[in-house]
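Novice: Each chain, written out:
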Amino acid sequence: MGMRALFGWLLAVGLTLASGAAQAHPHVWITATSELLYAADGSVTGVRHAWTFDDMFSAYAVQGLESKTKGAYTREELGPLAQTNVESLKEYAYFTFAKADGKKERFQEPIDYFLDYKDTVLTLHFTLPLKNPVKPRQLVLEVFDRSFFIDFQMAKDNPVKLVGAPGGCQMKLDRPSDGSATAQKLNEQTFLNGENSNFGMMFANKITVDCP
Amino acid sequence: MKQHLSPPARGLIACAAVVLVAIVADAALHDLLAQNPFGAPRPTQAAEPEASGIVGWLLAKQSEFYRQMSSTIRAAKSDGSAVWTLLFISFAYGIFHAAGPGHGKAVIASYLVANRETARRGIALSFASALMQSLVAILIVGISAWVLNATAKTMCRAEGAVEIASYALIAAFGLRLVWVKGGAFIRALQTTQPVPAIAGVPHVHHHHEIHDHHDHDHHHHDHHGHDHAHAHHHHGHDHVLDEHCGHSHGPTPSELAGPGGWRRGFAAILTVGIRPCSGAILVLVFALAQGLFWAGVAATFLMGLGTAITVAAIAVVAVSAKDIAARFSAGRDGGGALFMRGIEFGAAGVVLLFGVGLLFGYIAAERTTCF
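One line per chain: the protein sequences are A and B, in this order.
Following the working numbering, the numbering of the first sequence begins with 1 at its first residue and continues without gaps.
Following the working numbering, the numbering of the second sequence begins with 1001 at its first residue and continues without gaps.
Honestly, the hints are just simulated from the structure, not real lab data.
Since the structure is predicted, the reported quantities are computational estimates derived from the model, not experimental observations.
Note that the Cβ used here is the ideal one computed from N, Cα and C, for glycine as well.
Accuracy of the hints is not assured; some may be wrong.
As the list claims (entries may be wrong) - Using 30 Å as the maximum straight-line C-alpha spacing, the simulated DSBU-like pairs for lysine-lysine come out as follows:
| id | chain 1 | residue 1 | chain 2 | residue 2 |
| --- | --- | --- | --- | --- |
| 1 | A | Lys206 | A | Lys103 |
| 2 | A | Lys104 | B | Lys1077 |
| 3 | A | Lys118 | A | Lys90 |
| 4 | A | Lys70 | B | Lys1061 |
| 5 | A | Lys103 | A | Lys90 |
| 6 | A | Lys172 | A | Lys70 |
| 7 | B | Lys1077 | A | Lys68 |
| 8 | B | Lys1061 | A | Lys156 |
| 9 | A | Lys172 | B | Lys1077 |
| 10 | A | Lys90 | A | Lys172 |
Stated by the list, open to error - Not close to chain B: a few residues of chain A, all C-beta gaps over 12 Å, as computed:
| id | residue |
| --- | --- |
| 11 | Asp41 |
| 12 | Ser88 |
| 13 | Asp101 |
| 14 | Gln108 |
| 15 | Thr208 |
Work the whole structure out from these sequences, hints included.
Specialist: Structure representation (C-alpha cells):
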C-alpha cells in the first residue's frame, strides 16, 4: 500500500499541522517604554519598564477591585494587583531578554513595582536588575511575547532611555512594524536559515546599545 | 498487505502504525511548542507554517477587529447605532479568530475523521460547540463578575479550573476514541488476509471489512451504512462515541435532531465548547465595566457565530479529505479498509495527544488572561 500509505500520512500530517499550527493572536496590547540603567562605572545594572495596557485589558484587570472613588484607583489600591502581575510575569521571564556581547544575561526578581491607573488604562512600572551587571560593547535587549498573546509595541515618543550611560553609547531600536510585511520578510529569512525562526520573535522589539 | 501474515508480523505492523501516529502527532506538538511561552527560548525550530503571508494577514485583520471592539463599545454608550458596528466587528473577529486554528478545531476535525462523520454533522457540531463556548463565557463573566463582583484574579481561577476540566475532557474523549478505534484497527489488521466474499459470514469481523470494501468500490454509502449498524450490535460497541457507518450516508435532519443524533455528538460539543475564548471574556468584562453588559453578550454570540462558520469550513475540509482518502484506498484489497481504520485510529490518537498535551502543559493553548 505504498502510495496509499504515503497519501494517508500526508493527509494526517496536513490535518494535524492545519489544526494545530497557529495559536497566536494577541489579546493584550502593551505600549512599553524602557530605561536601561547604568552604574557609575558604565556597567548596565538593569532595566526599568513602564508597560501601559490597552483599555480592554485594563478594564478586565481592575474588575471587582475596591476603590474609594469610583473609576479611580490609587497606587495602594492597585498594590495587590501589581504584586500578582510581577509574580505571574516571572513565568514568562518578564518578556525581557538581554544579551551582552552575544551572551545571555539573566534578571533578578523585579523591584520597585507598582501600577497606576490613568485615563482608564493601567501602567505597570517595574525594575528588573541584572543578576550580574555587565559592561559589554554591545547590549541587545528584546521585549516580546513568544506566543504573541501580548502584542508589545514600544512607545512612539522616547521609547528607550539610557540612564547614566557613558558618553558615546549609541542606541538603536528595531520595531516590529505593525503589519504582516515584516512577518513575511522575516519569514523568508527564517525559511532560509532554519535557525532562530521563532514566531514571536518576529514581533520582538529589539534595542541595541553599542558603547565604545 | 501480504497474504498470510504471521501474528508477529501483524504485531509489528501494528506497532509501526502506532509509532507513525506518535511521530506525526509529535511533530504537530513540537510545532505548538514553538509558541510555548514557558521556559527558555528554543532557537532550533523548524520554519513555522503559520508565519506565511496569509496568516500574517489573518493576524493583522484579527487584531484590527479586536482593537476596534473596545472603542466601539465605548461609543455605544452614547450612540446606540454603534452597537451594529460592534456586532459586525465581533462577527468578523470570530471568523478571523477561528481561522488561526486552536485545539478546538483540531479536536472537532479529528473527531469527525475518526468517526466517519458527515460534513453535515461536522457543521452542526461546529455551530453547537461555538454556541456552547459563547454561553460558557457569558456564564463565567455573568456569574463571577456581574453577580458576585469578583476580581480578575478570581475569574482567572474560575477560567483556569474550566480550562483544566476541558483538557481532561479532551483527553478522556481521546482515550475513548483510541480505545474504540484501536479495536477497529486491530480487527482490520486481523481481517486483511483475503477471505471469501460471502455475505452473512457468521464472523462479524469479516462482515465488517467486506462491506467496507464494497462501499468504497461503489463510492456510495447508503446500503452499507445500515448493514453496518447491525454488525455493530454484534461487536457490542458503545454507540455514543463509536459512530461507525450508521450515518455515513448523511443523516436526515430528523436523525440529527433525534435524541441519539445529538447525544452522540454531545461529547464532542461539550469537550470543545466548555472552554471559553479569552477574547470573549475580555470583551464581556469590558462591556460590563462600561455598563453595557448586554452589548458584550450580543458581541459574544456574534463572535461565536463567526467562529462557527470558520470551524464548520475546516470540518468540511477534514471530512472531504478523508472521503478522498477513502476513495484512493478503496477497492483493491483489504488493505484499503485497514488503511481507513488506520487513519481513524490516528485521528483518535491525535485527540488523545491533544488532551494529554494540553493537560500537562506540553502544548501551550491560548493563554488565559491571568497576570
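Novice: Does Lys90(A) sit within 30 Å of Lys103(A), going by the straight-line distance between their CA atoms?
Specialist: Roughly 21 Å between the alpha carbons, so the hint for Lys103(A) and Lys90(A) holds.
Novice: Taking the shortest Cβ-to-Cβ distance between Ser88(A) and chain B, state whether it exceeds 12 Å.
Specialist: Given a closest Cβ separation of 4 Å, the condition is violated.
Novice: Between Lys1061(B) and Lys156(A), is the straight-line Cα distance small enough, at 30 Å or below?
Specialist: holds (22 Å)
Novice: Holds or violated: Lys206(A) and Lys103(A), Cα atoms, limit 30 Å.
Specialist: holds (15 Å)
Novice: Holds or violated: Lys172(A) with Lys70(A), Cα cutoff 30 Å?
Specialist: Given that 30 Å is the threshold and the Cα spacing comes to 42 Å, the pair is violated.
Novice: Does the no-contact call for Asp101(A) survive, Cβ to all of chain B over 12 Å?
Specialist: holds (17 Å)
Novice: Hint check: Lys90(A) vs Lys172(A), CA-CA at most 30 Å. Holds or violated?
Specialist: holds (27 Å)
Novice: If you draw a straight line from the CA of Lys1077(B) to the CA of Lys68(A), is it 30 Å or shorter?
Specialist: Roughly 24 Å separates the two Cα atoms, so the pair holds.
Novice: If I take the minimum Cβ distance from Asp41(A) to any residue of chain B, is it greater than 12 Å?
Specialist: holds (30 Å)
Novice: Regarding the pair Lys172(A) and Lys1077(B), is the alpha-carbon distance no greater than 30 Å?
Specialist: violated (43 Å)
Novice: Quick check for students: does the CB of Thr208(A) sit more than 12 Å from each CB in chain B?
Specialist: Thr208(A) is indeed farther than 12 Å from all Cβ atoms of chain B, at 18 Å.
Novice: Taken at face value, is the distance from the CA of Lys1077(B) to the CA of Lys104(A) at most 30 Å?
Specialist: violated (49 Å)
Violated hints, in rising order: 2, 4, 6, 9 and 12; the structure is consistent with all others.
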